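A.B. asks: Starting from the two chains in their separate frames, assemble the complex, guided by the hints.
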Amino acid sequence: MMKPVFMTYTKKDLINLAVCMVLSVLVIPSFITTEYWYTSILIPWLCLALATIGQQIVMGYTGQLALGAAGFMAAGAFAMFNLILRVPDLGFVGSLIVSGLIAAAFGILFGLPSLKVRGIYLMVATLASQFFIIWMIDKFGWFKNYDSSGIITAQDIVILGKPFTTPLAMYFVCLAVTTILTLLAMNMARGSTGRNWMAVRDMDIAAESMGVSLLRTKVQAFAISAFYCGVAGALFAFCYLKSLEPVAFDIKLSFKILFMCILGGLGTINGAFIGAAFILLFPVLLNAIGNNVFHGAIDATIISSIEQVIFGGLMIIFMIYEPLGMAKLWENIKQKWKTKYPNMNIKNLTSSIGKKS
Amino acid sequence: MVDELLFFMEVLVGGLLAGTMYSLVALGFVLIFKASATFNFSQGAMVFFSVLAFCGFMQDFNIPFVLAFILAALLMVVVGLCTERFVLRPLMNASEDTVLMATIGLGYVLEGLAQAAWGVEVRRLDLGIGDFPVPWIADNLKLFISALDITAGVVAAIMIIGLFLLFKYTKIGLGLRAVADDAGAASSIGIPLKHIMLLVWSAAGVVALVAGCMWGARAGVQFALVDLALKALPVLIIGGFSSIPGAIIGGLIIGAVEKVLEVYIGPFFGGAIEGWAPYVLAIFFLLYRPEGLFGEKIIRRV
Numbered sequence: 001m002m003k004p005v006f007m008t009y010t011k012k013d014l015i016n017l018a019v020c021m022v023l024s025v026l027v028i029p030s031f032i033t034t035e036y037w038y039t040s041i042l043i044p045w046l047c048l049a050l051a052t053i054g055q056q057i058v059m060g061y062t063g064q065l066a067l068g069a070a071g072f073m074a075a076g077a078f079a080m081f082n083l084i085l086r087v088p089d090l091g092f093v094g095s096l097i098v099s100g101l102i103a104a105a106f107g108i109l110f111g112l113p114s115l116k117v118r119g120i121y122l123m124v125a126t127l128a129s130q131f132f133i134i135w136m137i138d139k140f141g142w143f144k145n146y147d148s149s150g151i152i153t154a155q156d157i158v159i160l161g162k163p164f165t166t167p168l169a170m171y172f173v174c175l176a177v178t179t180i181l182t183l184l185a186m187n188m189a190r191g192s193t194g195r196n197w198m199a200v201r202d203m204d205i206a207a208e209s210m211g212v213s214l215l216r217t218k219v220q221a222f223a224i225s226a227f228y229c230g231v232a233g234a235l236f237a238f239c240y241l242k243s244l245e246p247v248a249f250d251i252k253l254s255f256k257i258l259f260m261c262i263l264g265g266l267g268t269i270n271g272a273f274i275g276a277a278f279i280l281l282f283p284v285l286l287n288a289i290g291n292n293v294f295h296g297a298i299d300a301t302i303i304s305s306i307e308q309v310i311f312g313g314l315m316i317i318f319m320i321y322e323p324l325g326m327a328k329l330w331e332n333i334k335q336k337w338k339t340k341y342p343n344m345n346i347k348n349l350t351s352s353i354g355k356k357s
Numbered sequence: 001m002v003d004e005l006l007f008f009m010e011v012l013v014g015g016l017l018a019g020t021m022y023s024l025v026a027l028g029f030v031l032i033f034k035a036s037a038t039f040n041f042s043q044g045a046m047v048f049f050s051v052l053a054f055c056g057f058m059q060d061f062n063i064p065f066v067l068a069f070i071l072a073a074l075l076m077v078v079v080g081l082c083t084e085r086f087v088l089r090p091l092m093n094a095s096e097d098t099v100l101m102a103t104i105g106l107g108y109v110l111e112g113l114a115q116a117a118w119g120v121e122v123r124r125l126d127l128g129i130g131d132f133p134v135p136w137i138a139d140n141l142k143l144f145i146s147a148l149d150i151t152a153g154v155v156a157a158i159m160i161i162g163l164f165l166l167f168k169y170t171k172i173g174l175g176l177r178a179v180a181d182d183a184g185a186a187s188s189i190g191i192p193l194k195h196i197m198l199l200v201w202s203a204a205g206v207v208a209l210v211a212g213c214m215w216g217a218r219a220g221v222q223f224a225l226v227d228l229a230l231k232a233l234p235v236l237i238i239g240g241f242s243s244i245p246g247a248i249i250g251g252l253i254i255g256a257v258e259k260v261l262e263v264y265i266g267p268f269f270g271g272a273i274e275g276w277a278p279y280v281l282a283i284f285f286l287l288y289r290p291e292g293l294f295g296e297k298i299i300r301r302v
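Chains as they are written, first to last, in my numbering: chain Y, 1 to 357; chain Z, 1 to 302.
Please keep in mind that the hints were generated in silico from the structure rather than gathered at the bench. Owing to the predicted nature of the structure, the values given are computational and were not obtained by experimental measurement. Yeah, the Cβ is synthetic: ideal placement off N, Cα and C, and Gly gets one too. Check each hint, because a few of them may be wrong.
What the hints assert, rightly or not - Pair ranges (Cβ atoms, derived):
{"hint": "1", "chain 1": "Z", "residue 1": "W136", "chain 2": "Y", "residue 2": "F282", "range": "52 to 62 Å"}
{"hint": "2", "chain 1": "Z", "residue 1": "C82", "chain 2": "Y", "residue 2": "W337", "range": "30 to 40 Å"}
{"hint": "3", "chain 1": "Z", "residue 1": "S95", "chain 2": "Y", "residue 2": "F282", "range": "24 to 34 Å"}
{"hint": "4", "chain 1": "Z", "residue 1": "I70", "chain 2": "Y", "residue 2": "Y321", "range": "31 to 41 Å"}
For reference, chain Z alone in the conformation it holds in the complex (with noise of 0.2 Å):
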């Protein structure tokens, strides 16, 4: 029984500190919706093409592992300037469908560049975090945890946070509230437009990267990231396009749910039900909470 409770335990630990994965990418989505309305589809290309350029610096021009996170950074940075510049000024008047499908193009222009840049092949990223049990929480509390999970959370705890605090308490994040708000009100007042677009597209530009960086640790630096990143749809479905800690809680409730199914009821079908599950998810959460469980009440008027 004892043992039992306690696999439990090992794969609900796991599934949430898994599901911190997820909320990082979720966050990039958060940022750029909180900011400007716009459902950015092309977050999980960000993460790919963020971490392919790192590891890119890394392993191709032997940069240092500091420099090479720098330069992959202020590389999202101009990402960020040219999205500005080509994709989003120009699609200032336009609905949100139309940006959603703009953004689906900026998803592909990004995973084309980043493949014809540094090829196809799935690299190995080195964090010099282990993805192995925590040799002191397996002996005390006997739980078999992985490092780069914690590392994770931590990671994820303390983007969150900085996040929040920005958002809540400073002048910037002031402004980006009242541009989310309406963004020709706040322009009208004196809130440059221009600035707090770049500044939010290229936050997300380091949260996709820092993301990028604990799923390439994991899984590999590879194409497959993308079909990861789309898990960040169901995520932001249950804790709220709108919402900062929604997105952690959400994070969390995808990875702990897909994993408590998957061992449980997963081998009754054959298994591999987290690639479905998080979605089925997400519709019954569509169906009786569609603003997800932070959201704003989505207000539609004719």
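Excised from the complex, chain Y in its bound form (with noise of 0.2 Å):
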């Protein structure tokens, strides 16, 4: 293990994160300039990668099912809709914030249930918030401030007295977050927070024993997993779908959340990027292909319900092969090149380019 130099980061996360921030940051929006990239993908998954990152800490580093990723999306977007709406000194990051505390106290209320139970019994509990969380929206008029069409539309996004309104302003707000909350996850997941939540996930009556306390544990992975989620749905509602709906926060979103988690690879934190990049990616290329290839003979109810299928077959693929997903994969691929090419790294590489020239 390298030694860390800042907090629990090494050199090579500091190296990993300048080269992902010039990606981001210099490349992307110097590259693409189709609105289309940063509204429908970019945008969308960072959000949904965030809030992928929410499920990861409940379920890939502390080992409870829980399926109510949604539910708590619900409760951040709205929260944060009603807060702009109510206590507009609050700013955009201060709303931002209180509402991904608030989306956390229902985390911590519906994650309770995780002392007493585990595995589906813990993912029944979890489907309650799911379902309470929208038809508390839904049937109280308060949150949606009495409006009786359904959509609401979201406030523009306003940060120190500056509008960001523009599809590359909203990507850049979403990547702000997203980074620093991401990097925030990685630490606390090296840290002896995370250390507890694996301890817990491994064997939580051995984790009890060696002096750790579950509910502490648990009901702290909660809470942090439904602020992460509360966050990532304002974001989702303000930046992607400009909206608030309730049945857009509905159990598929959950479900999808959680193939996320899983295709990604549980436990990992890179792996909620991977994984909310393939599902969001995925149906995009399968379309590609319906038109391009076919040219539109097969019905786009039949490509989605193609979609579905792979999702699921790759599901169990992963389950049965590689229950570690695509994070483990990646792993496994720069494993074998390290092995064929032990001499290739960066220190090498700079001074093998620095000889040449």
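C.D. replies: Below is the structure:
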């Protein structure tokens, strides 16, 4: 293991971060100019990846089977709407944090059954949160500011008096929030918090006898997970959907996030990004094939059915052959590469480039 | 006063009978759990898949009712066969949660296949039993109870008794129980694990088909059936995952409670509380009696 340079981040992490930042802040904005990429792929990717990190914390790190991510996202999104509407002094960033905290409160409430039960039992308990939160928002007009149409337009994002309304600006907002929260999640996962989560995941009874408080660890995981989902939900509504409707956060979205989490790789942060990218991009690819290869001869509903079959099939295949998902596949590829070319690393690469010139 | 009481009875009986429909779905879960200690999350998808295939056979190919039912049942046997071969056998030694997630994937596959093969539009299923009050009961007992509800109740009762007898008194049932108790030990004394699994999954498939017919006749054959089938999960938590009588009692409790709450408390909150009431009820059960009413006590070893 490399020694951490700052908090729990190693030199390699900082290099990775720098590469990602250069790519996302400099390269992407200068090469991608079509709005479609921002509004339909990059922004939802960042939002859903953030929600998937939330799911990872509770499922991948703490090992609690939860299926209510979309409910917490809805809580976050509608909290955001009401905060901006009713407490305008809070500002965008303040509202975002507070709406995450509100979602976290729900997370604590519905995470409590995890102290008693696990596995599918817990899944059913978290389904309650999914259905209850959506119902609550739907039935009490106050949450929707008594709007009868059912779909509310999200307010414009204003940070420090500057409007962030173009797709590129919204992309930067999502990017900033996702980057900060991802770094925090990595730090938590590597620190004592994460160690406790993983101890509970691997064997809760053993963890308890080692002095890890189950109550504290599980409730903490649910709260932090719901915070991430809440913030992701707020961003999802304000930057991607640009509207708020409870239906957008139904059980299907929860399943989608579950798939992102599992296919991406349980217990990894980069798996969240890989999984979210795959689940988002694969349908785009399928549609493109449908349109370009078969020239629209295949009905759109059939394509979406095929997509479902493939996602389900992949889930089964991954469970059988690689339960740790795509992130692990990526690790394996890197490992193979390293054993094949042991001298290939950044130091040698840069020095060899230096020699040539 | 008498009218109020009659109305309450009507709500209660309607709820109880509707609950038997949940029981039918839950029964499929219990069958598989009893024999293989696997939570089959795809039971809801199996309900949808089987009844959509049944409708498809009848409506697209004009196959008569009985033959279509047999074909659909055979199709579910094939599904069971494939599941055993391609999902369960490779996951024989995997952890509970891994198998559960694989069955979530299986559910997705079945839903997708059904929609790819038979389309996404809502189909009407006519069983020849009307979803309207039976006149005889309405006249004599002053209760308005749907004929379909009564049929569902009778069908559920027959299936439960049949399965109960099968598990309790036949050699197959004994094998099933042995496998559920300890699959390794069972196979070492010569119980064919493969056959048992195939049998159980096929039986669960046929149960799903029957449940699907009942639900389809009421609500139309559509994707929403999958979400409805999710309500079988609270039923299982209340009744206990490994108990056939538990499935029926749990279904009755859920059915009755959600109807009574909906009618008497729902109006104060704008209705539709039956969407989450069963789950919250399940949470209370989880907090006080996690193994359910009839389930075996959960013992975990370090």
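A.B. asks: Now, for every hint given, state plainly whether the structure supports it.
C.D. replies: Hints, one by one, checked against the model:
Between Z/W136 and Y/F282 the C-beta distance comes to about 56 Å, which sits within the given range of 52 to 62 Å. Taken as a hint, the range 30 to 40 Å holds for the pair Z/C82 and Y/W337, whose Cβ atoms sit roughly 37 Å apart. Checking the proposed 24 to 34 Å range against Z/S95 and Y/F282 shows it holds: the Cβ atoms sit about 27 Å from each other. At about 37 Å, the beta-carbon gap between Z/I70 and Y/Y321 stays in the expected band of 31 to 41 Å.
The structure meets every hint from the earlier list without exception.
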